[in-house]
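Engineer: Sequence:
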Amino acid sequence: MAESDPIISSYDVFLTDSEINRYVLQYLDRPIDKGYDERHGQQPAAFRMKPETGLVEVDVPINTQFNYDVDKGEQYGEALRRSRAAREGGGYGMAGGFSSVGAGASARVKMEGSSGDVEMGGTNRKEYLGLQTLGGRIKIPEEGDPVYMLAAFRGKNLHLSPVSAVVQLHPQLHHIDALEEMSKGRGSKGKKDGDEERSAETEARAIDVKIKAAEDGEAVTAGNLELLKQMQDEKWKTYDWVDAETEESWHTYESYMIHQHPEDLPQLHAAINSEDYLDTMSAPRIDPARPEMTGWAMKQNRKRQKEGKESPEDDAQG
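Residue numbers for the sequence shown follow the numbering used here, beginning at 26 and rising by one.
Read the hints as simulated data drawn from the structure, not as lab findings. No residue lacks a Cβ here, since even glycine has one placed at the ideal position from N, Cα and C. Please note that a few of the clues may not be correct.
[Unchecked claim] Pairs of lysine to any residue, SDA-like flavour, derived with a Cα cap of 25 Å:
hint : residue 1 : residue 2
1    : Lys209    : Gln157
2    : Lys254    : Met174
3    : Lys260    : Gln157
4    : Lys260    : Lys59
5    : Lys59     : Tyr264
[Stated by the list, open to error] Label pairs and their calculated CB-CB ranges:
hint : residue 1 : residue 2 : range
6    : Val191    : Thr277    : 39 to 49 Å
7    : Gln100    : Val188    : 38 to 48 Å
8    : Gln90     : Glu270    : 17 to 27 Å
9    : Glu270    : Tyr302    : 49 to 59 Å
10   : Thr277    : Thr305    : 32 to 42 Å
11   : Glu273    : Ile32     : 36 to 46 Å
12   : Ala176    : Glu270    : 17 to 27 Å
13   : Gln330    : Ser280    : 48 to 58 Å
14   : Pro196    : Thr305    : 27 to 37 Å
15   : His65     : Ala296    : 26 to 36 Å
16   : Ile45     : Gln90     : 31 to 41 Å
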């Protein structure tokens, strides 16, 4: 009788260097068949990290030729350009400690006119919102969390690479923050220039974030304020984004995801046998013939049976 679940293939498994940082970015609002890459016309323009506080931001181009509100694009782009955040190069929202010291994402883009695509130029040239910022935070792994691995096949060899973290990226509303900041600046036009400048400098302030504890209901603020300060103080580290289909990307893939000389690697040996492994990862085993015998007792009984001996219970019954 043929096996109902036959083994159709087997692979030799190799573990790659675990000291290399590998991050999996999840775009929660993006269809899987429309990646952020050059092939779809939306290769990310920038990638930033704050390693100590775990913040991540990615700037991706906006398709300004399809469903693009030119008036809103101009409004938001100008707000980002004029804001202190755009000049100082930080980040709004959580990335900037919820203050107005941050980075904007504006760009000169083409507008769709009645007679084709026209680009604003000369004295009328303005900034339009041409980039969307996606942001998230690296979750520090805790004991008991699953360990994710990236798999790469080469022939009959399976190379497994540990994932440092999975980062879920959400759209950031930095352009709205910049517009609100600019609106506040307009409201203070009646002040003297010196007063307005001092007011703008002191506008960035810590926000009193309160989180209700589940047990006693008391507000906890000190730790959160300290975290916000760390987020704001830490400088961004910027990286070049390499498209997945480029030769450089494939070279990196070959170097960090696959062992080039697997025959030179030491072989791992299991510290326990197959039966002990099953006992460790499974629920307690029960012998249907003797429900009272579980786990270790059942294993000892089967061992005696294999050795051709009768169990003590059989002797007592005889």
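Engineer: Run the structure past the numbered hints and jot down the numbers of the failing ones, going up.
Structural biologist: 2, 4, 6, 9, 14 and 15
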